[in-house]
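Trainee: For reference, the chains in residue letters:
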Amino acid sequence: MPKVFVYQREHINTDEIIPARYLTSDVEAELAQHAMEDLDGSFVERAASDDILICGEDFGCGSSREHAVWAIRGAGVQAVFAPSFARIFYRNAINNGYPVFENREVLEAFEDGDEAALDIEAGTLTNVRTGRVVHFAPLPDFALDIARAGGLLEYLKAKEVQHA
Amino acid sequence: MGMTISEKILAAKVGREKVVPGELYEVPIDWVLCHEVTTPAALRMLEARGMNRVFDPSRIVAIPDHTVPAMDIKAAKLYQKLKSWVQEFGIQHWFEVGRAGIAHVVLEGTGLIKPGETLVSGDSHTCNAGALGMFATGVGSTDLAGAIYSGKVWFKVPETMLIRVTGELQEGVTPKDLVLEVIKRIGADGANYLVMEWVGDTIDRMDMEGRFTLTNMAIEAGGKTGIIAVDDTTRNFLAARGVSPDQYTEHRSDPDAEYQVVVDIDASEVEPTVAYPHIPSNGRVAGSDKIRVDQAYVGSCTNGRISDLRDVARILRGRKVADHVRMIVVPATQAVWKQAVVEGLMEVFVDAGATVSYPSCGACLGMHSGVLGPNDVCISSTNRNFVGRMGDPSAQIYLASPATVAASAVRGYITDPREFNESHQAVAVSAD
Numbered sequence: 001m002p003k004v005f006v007y008q009r010e011h012i013n014t015d016e017i018i019p020a021r022y023l024t025s026d027v028e029a030e031l032a033q034h035a036m037e038d039l040d041g042s043f044v045e046r047a048a049s050d051d052i053l054i055c056g057e058d059f060g061c062g063s064s065r066e067h068a069v070w071a072i073r074g075a076g077v078q079a080v081f082a083p084s085f086a087r088i089f090y091r092n093a094i095n096n097g098y099p100v101f102e103n104r105e106v107l108e109a110f111e112d113g114d115e116a117a118l119d120i121e122a123g124t125l126t127n128v129r130t131g132r133v134v135h136f137a138p139l140p141d142f143a144l145d146i147a148r149a150g151g152l153l154e155y156l157k158a159k160e161v162q163h164a
Numbered sequence: 165m166g167m168t169i170s171e172k173i174l175a176a177k178v179g180r181e182k183v184v185p186g187e188l189y190e191v192p193i194d195w196v197l198c199h200e201v202t203t204p205a206a207l208r209m210l211e212a213r214g215m216n217r218v219f220d221p222s223r224i225v226a227i228p229d230h231t232v233p234a235m236d237i238k239a240a241k242l243y244q245k246l247k248s249w250v251q252e253f254g255i256q257h258w259f260e261v262g263r264a265g266i267a268h269v270v271l272e273g274t275g276l277i278k279p280g281e282t283l284v285s286g287d288s289h290t291c292n293a294g295a296l297g298m299f300a301t302g303v304g305s306t307d308l309a310g311a312i313y314s315g316k317v318w319f320k321v322p323e324t325m326l327i328r329v330t331g332e333l334q335e336g337v338t339p340k341d342l343v344l345e346v347i348k349r350i351g352a353d354g355a356n357y358l359v360m361e362w363v364g365d366t367i368d369r370m371d372m373e374g375r376f377t378l379t380n381m382a383i384e385a386g387g388k389t390g391i392i393a394v395d396d397t398t399r400n401f402l403a404a405r406g407v408s409p410d411q412y413t414e415h416r417s418d419p420d421a422e423y424q425v426v427v428d429i430d431a432s433e434v435e436p437t438v439a440y441p442h443i444p445s446n447g448r449v450a451g452s453d454k455i456r457v458d459q460a461y462v463g464s465c466t467n468g469r470i471s472d473l474r475d476v477a478r479i480l481r482g483r484k485v486a487d488h489v490r491m492i493v494v495p496a497t498q499a500v501w502k503q504a505v506v507e508g509l510m511e512v513f514v515d516a517g518a519t520v521s522y523p524s525c526g527a528c529l530g531m532h533s534g535v536l537g538p539n540d541v542c543i544s545s546t547n548r549n550f551v552g553r554m555g556d557p558s559a560q561i562y563l564a565s566p567a568t569v570a571a572s573a574v575r576g577y578i579t580d581p582r583e584f585n586e587s588h589q590a591v592a593v594s595a596d
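Taken in order, these protein sequences are the chains called Z and U.
Heads up: the first sequence is residues 1 to 164, going by the working numbering.
Heads up: the second sequence is residues 165 to 596, going by the working numbering.
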């Protein structure tokens with residue numbers, strides 16, 4: 001069962017998600033070993049596949065490094081929830097077909113370590129411990145199109161084939 | 165309802181009379197800027213999908229700047245990846261190490277990018293170029309790959325925040341203090357998704373170097389970009405680089421353009437401002453607290469220009485950096501470096517006990533040339549003071565103007581640079 005990591009702090013930035021000292025690599029598995037390192041040194045040890053991140057406002061602010069998305073995805077995070085995201089991080093997530101959701105309620109509905117059930121189609125995140133169900137807005141159509149294509153580049157390629 | 169500059173640029177690019185905030189467009193891109201940290205990943209993505217082309221080799225600028233000269237083998241490989249692609253695809257605007265420096269600052273001085281154009285790069289400080297009246301923004305490697313391949317990027321038309329600045333900045337107060345003050349007021353996500361458009365008589369009198377400092381830091385408030393309308397200062401700057409007005413399109417916001425929010429600033433009230441750890445919005449007046457510093461750093465795409473180095477030299481001339489401080493000056497480009505030599509600034513730095521490092525992003529993002537160790541305290545003219553930004557996560561970074569960095573280097577603790585103003589000096593001497 002996936003568990004949630006809750007970081008209430010606002011403005012968790014891309015330097016904390018993946019420090020620049022690791023940017024000489026763009027290999028997801030290598031980046032994943034250092035995900036969230038400057039925020040929570042124990043994160044990588046504790047993270048398992050399909051976990052969920054719940055964070056404060058303006059998650060992913062700062063640098064444009066897409067390595068931030070790759071690092072947390074590589075570490076096993078299947079989706080990120082926050083009341084708001086920094087613009088470039090949000091774009092990068094969408095372009096990777098990686099699910100990130102703007103939602104405020106999750107911050108109060110979950111405690112760090114709770115088990116959760118995520119249903120992206122239905123738009124629900126359920127706290128298994130308390131039974132509370134949080135409804136969240138689905139991804140915008142454009143983001144869904146990119147996700148269905150498998151990412152922005154596949155989306156661009158497919159469009160080109162259609163037009164040819 | 166009228167349109168803002170940014171809306172007009174985007175409308176012109178997508179061939180429409182009008183665009184409205186919230187609409188989504190695939191926008192043609194005039195320029196793609198590539199550096200060696202985020203571009204190699206983009207190139208590998210394209211290769212892996214057999215997308216082996218570039219939209220226009222004459223519209224791509226490649227400038228390695230983050231990890232050059234290479235500090236380790238991995239960095240050398242990133243550089244090689246960028247350069248071999250440049251050679252294979254005939255990228256026309258390649259700036260070799262020794263002929264370049266920090267990409268944003270090199271690019272603003274080339275005469276390549278022009279008002280009315282669009283620019284993207286895999287670097288968040290691409291908004292820097294907005295001071296030239298263009299729409300310039302940072303993107304990740306996938307968007308960058310898409311732009312390299314198709315010459316287009318999807319954008320949601322952003323709303324605009326108008327920042328109206330009037331009055332005179334006090335002596336010793338600089339555009340960096342102004343932008344730190346604005347970010348302090350609106351917050352580190354105060355302009356999230358917005359364009360920050362700067363207007364007012366203070367901006368009208370400001371030189372291009374100061375304007376670049378303002379637009380450069382739009383991202384520190386979450387902005388999609390910063391932008392400043394073209395005026396004679398812009399035209400003269402471009403003319404000096406061989407660009408005449410018939411080569412570009414000037415856009416101006418309509419009087420009835422709609423702004424999401426208007427921020428009014430009285431420039432005369434802005435004080436030398438220092439952003440305390442660990443977020444750029446955490447501004448306080450310089451010297452409010454006596455904070456001892458270990459390192460004083462001048463450089464970056466925000467404040468490594470010649471006017472910044474002159475500000476530093478004015479304070480360091482005839483003085484010494486405090487014994488316990490290491491001061492590092494990083495000219496933003498080779499051109500800035502040379503100008504600093506010609507004007508005798510280098511001699512001032514060396515005599516004062518500062519060291520000068522190769523033009524690059526250097527320690528601004530903790531990659532090389534001045535990386536901080538555990539618990540180091542640094543006063544820096546750069547743009548971010550996040551945990552771990554310049555090195556060890558326990559280090560403390562304070563952001564300030566180059567003048568404040570220099571004043572702090574001399575005193576050994578964070579200092580209001582107005583203590584070094586001519587008028588104050590006279591008082592200080594007579595008091596002695």
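Treat the hints as calculated values from the structure; they're not laboratory data.
Incorrect hints may appear among the rest.
To be verified - Computed list of lysine to aspartate or glutamate pairs in EDC-like fashion (alpha-carbon distance at most 16 Å, straight line):
{"id": "1", "chain 1": "Z", "residue 1": "LYS3", "chain 2": "Z", "residue 2": "GLU154"}
{"id": "2", "chain 1": "Z", "residue 1": "LYS3", "chain 2": "Z", "residue 2": "GLU45"}
{"id": "3", "chain 1": "Z", "residue 1": "LYS3", "chain 2": "Z", "residue 2": "ASP112"}
{"id": "4", "chain 1": "U", "residue 1": "LYS316", "chain 2": "U", "residue 2": "ASP428"}
{"id": "5", "chain 1": "U", "residue 1": "LYS320", "chain 2": "Z", "residue 2": "ASP141"}
{"id": "6", "chain 1": "U", "residue 1": "LYS348", "chain 2": "U", "residue 2": "GLU433"}
{"id": "7", "chain 1": "Z", "residue 1": "LYS157", "chain 2": "Z", "residue 2": "ASP145"}
{"id": "8", "chain 1": "U", "residue 1": "LYS238", "chain 2": "Z", "residue 2": "GLU30"}
{"id": "9", "chain 1": "U", "residue 1": "LYS454", "chain 2": "U", "residue 2": "GLU335"}
{"id": "10", "chain 1": "U", "residue 1": "LYS348", "chain 2": "U", "residue 2": "ASP428"}
{"id": "11", "chain 1": "U", "residue 1": "LYS182", "chain 2": "U", "residue 2": "GLU422"}
{"id": "12", "chain 1": "U", "residue 1": "LYS245", "chain 2": "U", "residue 2": "GLU260"}
{"id": "13", "chain 1": "U", "residue 1": "LYS316", "chain 2": "Z", "residue 2": "GLU154"}
{"id": "14", "chain 1": "Z", "residue 1": "LYS157", "chain 2": "U", "residue 2": "GLU190"}
{"id": "15", "chain 1": "U", "residue 1": "LYS484", "chain 2": "U", "residue 2": "ASP515"}
{"id": "16", "chain 1": "U", "residue 1": "LYS316", "chain 2": "Z", "residue 2": "GLU160"}
{"id": "17", "chain 1": "Z", "residue 1": "LYS3", "chain 2": "Z", "residue 2": "GLU111"}
{"id": "18", "chain 1": "Z", "residue 1": "LYS159", "chain 2": "U", "residue 2": "GLU190"}
{"id": "19", "chain 1": "U", "residue 1": "LYS348", "chain 2": "U", "residue 2": "ASP430"}
{"id": "20", "chain 1": "Z", "residue 1": "LYS157", "chain 2": "U", "residue 2": "GLU211"}
{"id": "21", "chain 1": "U", "residue 1": "LYS348", "chain 2": "U", "residue 2": "GLU435"}
Unchecked claim - Between beta-carbon pairs, the in silico distance windows are:
{"id": "22", "chain 1": "U", "residue 1": "ASN400", "chain 2": "Z", "residue 2": "GLY123", "range": "31 to 39 Å"}
{"id": "23", "chain 1": "U", "residue 1": "ASP396", "chain 2": "Z", "residue 2": "ALA122", "range": "36 to 44 Å"}
{"id": "24", "chain 1": "Z", "residue 1": "ASP50", "chain 2": "U", "residue 2": "ARG448", "range": "13 to 21 Å"}
{"id": "25", "chain 1": "U", "residue 1": "VAL184", "chain 2": "Z", "residue 2": "ILE120", "range": "24 to 32 Å"}
{"id": "26", "chain 1": "U", "residue 1": "MET235", "chain 2": "Z", "residue 2": "GLU28", "range": "21 to 29 Å"}
Unchecked claim - Chain Z side only, calculated, beta carbon under 7 Å to chain U, not exhaustive:
{"id": "27", "residue": "SER64"}
{"id": "28", "residue": "ARG87"}
{"id": "29", "residue": "LEU152"}
Heads up, the beta-carbon is just placed ideally off N, CA and C, and yes, glycines get one too.
Trainee: List in ascending order the numbers of the hints, as given earlier, that are violated by the structure.
Mentor: 1, 4, 9, 22, 23, 24
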